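> Position one of the sequence shown corresponds to residue 4 (my numbering), numbered consecutively onward.
Derived by calculation from the structure, the hints in this document are not laboratory data. Predicted model only: the values in this text are computed from it and were never measured. Glycine included, each C-beta is placed from N, C-alpha and C at the ideal position. Honestly, I wouldn't trust all of these hints.
To be verified - Computed beta-carbon distance windows for the label pairs:
| no. | residue 1 | residue 2 | range |
| --- | --- | --- | --- |
| 1 | Trp71 | Pro158 | 20 to 28 Å |
| 2 | Ala43 | Lys11 | 16 to 24 Å |
| 3 | Ser140 | Asn67 | 34 to 42 Å |
| 4 | Asn57 | Asp8 | 39 to 47 Å |
| 5 | Pro66 | Gly27 | 20 to 28 Å |
| 6 | Lys161 | Leu5 | 37 to 45 Å |
| 7 | Phe10 | Phe97 | 24 to 32 Å |
| 8 | Pro158 | Glu111 | 21 to 29 Å |
As the list claims (entries may be wrong) - Below, simulated PhoX-like cross-link-like pairs (lysine-lysine); rule was C-alpha separation at most 25 Å, straight line:
| no. | residue 1 | residue 2 |
| --- | --- | --- |
| 9 | Lys13 | Lys141 |
| 10 | Lys36 | Lys11 |
| 11 | Lys36 | Lys130 |
| 12 | Lys124 | Lys146 |
| 13 | Lys36 | Lys13 |
| 14 | Lys146 | Lys11 |
| 15 | Lys161 | Lys141 |
| 16 | Lys154 | Lys40 |
| 17 | Lys141 | Lys40 |
| 18 | Lys124 | Lys13 |
| 19 | Lys11 | Lys124 |
| 20 | Lys154 | Lys26 |
| 21 | Lys161 | Lys40 |
| 22 | Lys26 | Lys11 |
| 23 | Lys141 | Lys124 |
| 24 | Lys26 | Lys130 |
| 25 | Lys146 | Lys13 |
| 26 | Lys124 | Lys154 |
| 27 | Lys11 | Lys130 |
| 28 | Lys130 | Lys146 |
| 29 | Lys141 | Lys36 |
| 30 | Lys130 | Lys154 |
| 31 | Lys161 | Lys146 |
| 32 | Lys40 | Lys11 |
| 33 | Lys13 | Lys40 |
| 34 | Lys26 | Lys36 |
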Amino acid sequence: MLTPDGFKVKAGEARFGVHYTMKGVTLNTLDIKISGKDTANNLAVFEQIGHTPNGGPPLHIHPNQDEWFYVLEGEYLFQVGEERYTMEPGDTIFLPRNVPHAFVQLSENARVVVSYAPAGKMESFFKVTDQWNSPPSKEEIAKVFEDHDMKVVGPPLKVG
């Protein structure tokens with residue numbers, strides 16, 4: 004499906020009114036701003052509110068998607084391939100498909116815009132992680148990543 008007309012998503016709101024909270028990988032909230040349903044699955048854009056100081060996803064790859072982040076608030080450390088970058092408000096980072104990457108939130112509060120092209124299964128991924136009721140095992144995390152066209156290739160980044 005392709006949305007034929009433009010639309011507005013207000014600050015603090017999500018495209019379809021659902022705020023996803025990841026449980027297990029991080030405790031971040033993700034709001035869909037532009038859905039894959041709006042773009043014939045060519046693009047998905049989320050606002051991620053970071054609630055996980057010193058936390059982040061495991062090192063992973065997206066075989067079929069490019070990803071980029073724009074930092075609105077707070078600080079992060081990103082790894083892309085072998086390179087590490089400290090990110091502050093106003094910084095942008097591009098994570099090409101098939102390149103291992105991860106991040107860790109360095110500040111108490113943080114907020115980024117994150118985009119996936121094509122959209123892939125990211126909306127479904129965040130919906131699944133929102134439904135976890137207890138911390139998942141490493142094996143469960145790896146399976147959910149695999150089910151959503153990602154592959155865990157290492158542990159989360161550590162601060163220090």
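> Do the beta carbons of Asn57 and Asp8 sit within 39 to 47 Å of each other?
holds (42 Å)
> Checking one constraint from the list: CA of Lys161 to CA of Lys40, max 25 Å. Satisfied?
violated (35 Å)
> Check whether the Cα positions of Lys141 and Lys124 lie no farther apart than 25 Å.
Holds, because 20 Å separates the two Cα atoms, which is no more than 25 Å.
> Tell me if the straight-line CA distance from Lys154 to Lys40 falls inside 25 Å.
Distance of about 24 Å is within 25 Å: holds.
> Does Lys11 lie within 25 Å of Lys40 when you go C-alpha to C-alpha?
Holds, at about 15 Å.
> Between Lys141 and Lys40, is the straight-line Cα distance small enough, at 25 Å or below?
Cα-Cα ~30 Å, so violated.
> Is the hinted pair Lys146 and Lys13 satisfied, with a Cα-Cα distance of at most 25 Å?
violated (34 Å)
> Taking 24 to 32 Å as the hint, is the beta-carbon distance of Phe10 and Phe97 inside that range?
holds (26 Å)
> Does Lys154 sit within 25 Å of Lys124, going by the straight-line distance between their CA atoms?
Between Lys124 and Lys154 the Cα gap is close to 13 Å, so the pair holds against 25 Å.
> Does the Cβ pair Pro66, Gly27 satisfy 20 to 28 Å?
holds (22 Å)
> Keeping to a limit of 25 Å between CA atoms, is the pair of Lys26 and Lys130 held or broken?
Holds, at about 10 Å.
> Does Lys13 lie within 25 Å of Lys36 when you go C-alpha to C-alpha?
The given pair, whose Cα atoms are some 9 Å apart, holds under the 25 Å limit.
The earlier numbered hints that this structure contradicts are 3, 9, 14, 17, 21, 22, 25, 29.
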